[in-house]
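K.L.:
Please work from the sequences and hints to get the whole structure.
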Amino acid sequence: MNERDLVQLIEQTLKDEEVQNNVTYRNLLEESLQQLSLKKPVYLVSTRLAGHISTYLMTNHYEAPKAIIVLAQSIASAPAKHRGLISIPFWLSNIFR
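The working numbering numbers the first residue of the sequence shown as 533 and each following residue consecutively.
A few of these clues could be false.
Taking lysine-lysine pairs in the DSS-like style, the calculated list, with each CA pair at most 27 Å apart, reads [unchecked claim]:
{"no.": "1", "residue 1": "K571", "residue 2": "K547"}
{"no.": "2", "residue 1": "K547", "residue 2": "K572"}
{"no.": "3", "residue 1": "K598", "residue 2": "K547"}
Calculated directly from the structure, the hints in this document are not laboratory data.
P.N.:
Structural data, given as C-alpha coordinates:
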(Lines of atoms letter the chains of each structure in order from A and count residues from 1; the text may use other names and numbers.)
(Lines give C-alpha, C1' and ligand atoms only; values in the text may rest on other atoms or scores of the structure.)
Protein backbone atom coordinates (compact mmCIF):
# COMPACT_ATOMS: atom_id res chain seq x y z
CA MET A 1 0.00 0.00 0.00
CA ASN A 2 1.41 3.38 -0.91
CA GLU A 3 1.21 6.57 1.12
CA ARG A 4 -1.60 8.14 -0.89
CA ASP A 5 -3.81 5.05 -0.53
CA LEU A 6 -3.20 4.85 3.21
CA VAL A 7 -3.95 8.55 3.70
CA GLN A 8 -7.21 8.20 1.76
CA LEU A 9 -8.20 5.14 3.76
CA ILE A 10 -7.47 6.84 7.08
CA GLU A 11 -9.33 10.00 6.03
CA GLN A 12 -12.31 7.92 4.91
CA THR A 13 -12.29 6.11 8.26
CA LEU A 14 -12.12 9.41 10.14
CA LYS A 15 -15.31 10.56 8.40
CA ASP A 16 -17.29 7.76 10.03
CA GLU A 17 -19.56 9.07 12.79
CA GLU A 18 -18.79 6.22 15.20
CA VAL A 19 -15.07 6.82 14.79
CA GLN A 20 -15.53 10.56 15.40
CA ASN A 21 -17.33 9.77 18.66
CA ASN A 22 -14.51 7.49 19.88
CA VAL A 23 -11.64 9.64 21.17
CA THR A 24 -9.12 6.78 21.14
CA TYR A 25 -9.69 5.92 17.49
CA ARG A 26 -9.84 9.53 16.42
CA ASN A 27 -6.56 10.38 18.15
CA LEU A 28 -4.84 7.27 16.79
CA LEU A 29 -5.90 8.00 13.21
CA GLU A 30 -5.02 11.69 13.43
CA GLU A 31 -1.60 10.79 14.83
CA SER A 32 -1.06 8.35 11.96
CA LEU A 33 -1.95 11.06 9.43
CA GLN A 34 0.49 13.40 11.15
CA GLN A 35 3.28 10.81 10.95
CA LEU A 36 2.60 10.31 7.26
CA SER A 37 2.73 14.06 6.68
CA LEU A 38 6.16 14.04 8.36
CA LYS A 39 7.23 11.49 5.72
CA LYS A 40 7.56 8.55 8.10
CA PRO A 41 7.76 5.26 6.16
CA VAL A 42 4.33 3.90 5.27
CA TYR A 43 5.16 0.40 6.48
CA LEU A 44 6.10 1.72 9.95
CA VAL A 45 2.93 3.81 10.25
CA SER A 46 0.81 0.88 9.01
CA THR A 47 2.49 -1.56 11.39
CA ARG A 48 2.02 0.71 14.37
CA LEU A 49 -1.60 1.44 13.45
CA ALA A 50 -2.39 -2.26 12.93
CA GLY A 51 -0.89 -3.09 16.32
CA HIS A 52 -2.86 -0.40 18.13
CA ILE A 53 -6.11 -1.42 16.46
CA SER A 54 -5.51 -5.09 17.36
CA THR A 55 -4.77 -4.24 20.98
CA TYR A 56 -7.82 -2.00 21.22
CA LEU A 57 -10.04 -4.70 19.74
CA MET A 58 -8.75 -7.32 22.18
CA THR A 59 -9.32 -5.10 25.19
CA ASN A 60 -12.82 -4.09 24.05
CA HIS A 61 -14.28 -7.52 23.30
CA TYR A 62 -13.62 -7.22 19.56
CA GLU A 63 -16.21 -4.48 19.13
CA ALA A 64 -15.39 -1.66 16.73
CA PRO A 65 -17.05 0.50 14.10
CA LYS A 66 -17.25 -1.10 10.65
CA ALA A 67 -14.92 1.59 9.25
CA ILE A 68 -12.19 0.52 11.70
CA ILE A 69 -12.65 -3.13 10.74
CA VAL A 70 -12.27 -2.25 7.05
CA LEU A 71 -9.12 -0.24 7.84
CA ALA A 72 -7.69 -3.06 9.95
CA GLN A 73 -8.29 -5.60 7.18
CA SER A 74 -6.61 -3.32 4.65
CA ILE A 75 -3.42 -2.95 6.69
CA ALA A 76 -3.38 -6.43 8.24
CA SER A 77 -0.35 -7.56 6.24
CA ALA A 78 1.78 -4.56 7.28
CA PRO A 79 3.26 -6.12 10.45
CA ALA A 80 4.29 -9.28 8.58
CA LYS A 81 5.96 -7.26 5.84
CA HIS A 82 7.78 -5.18 8.45
CA ARG A 83 9.08 -8.28 10.24
CA GLY A 84 10.16 -9.66 6.87
CA LEU A 85 12.16 -6.53 6.09
CA ILE A 86 13.84 -6.67 9.48
CA SER A 87 14.87 -10.32 9.02
CA ILE A 88 16.67 -9.86 5.67
CA PRO A 89 19.94 -8.58 7.22
CA PHE A 90 19.97 -11.57 9.58
CA TRP A 91 19.58 -13.99 6.68
CA LEU A 92 22.37 -12.30 4.78
CA SER A 93 24.67 -12.27 7.79
CA ASN A 94 24.45 -16.06 7.97
CA ILE A 95 25.75 -16.37 4.42
CA PHE A 96 29.09 -14.86 5.37
CA ARG A 97 29.77 -17.02 8.40
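K.L.:
Now tell me, hint by hint, if it's right for this structure.
P.N.:
Taking the hints in turn, this is what the structure says about them:
1. This hinted pair checks out: K571 and K547 have alpha carbons roughly 23 Å apart, not beyond 27 Å.
2. With a C-alpha separation of about 23 Å, the suggested pairing of K547 with K572 holds against the 27 Å cut-off.
3. For a cut-off of 27 Å, the pair hint linking K598 to K547 stands: about 12 Å separates their Cα positions.
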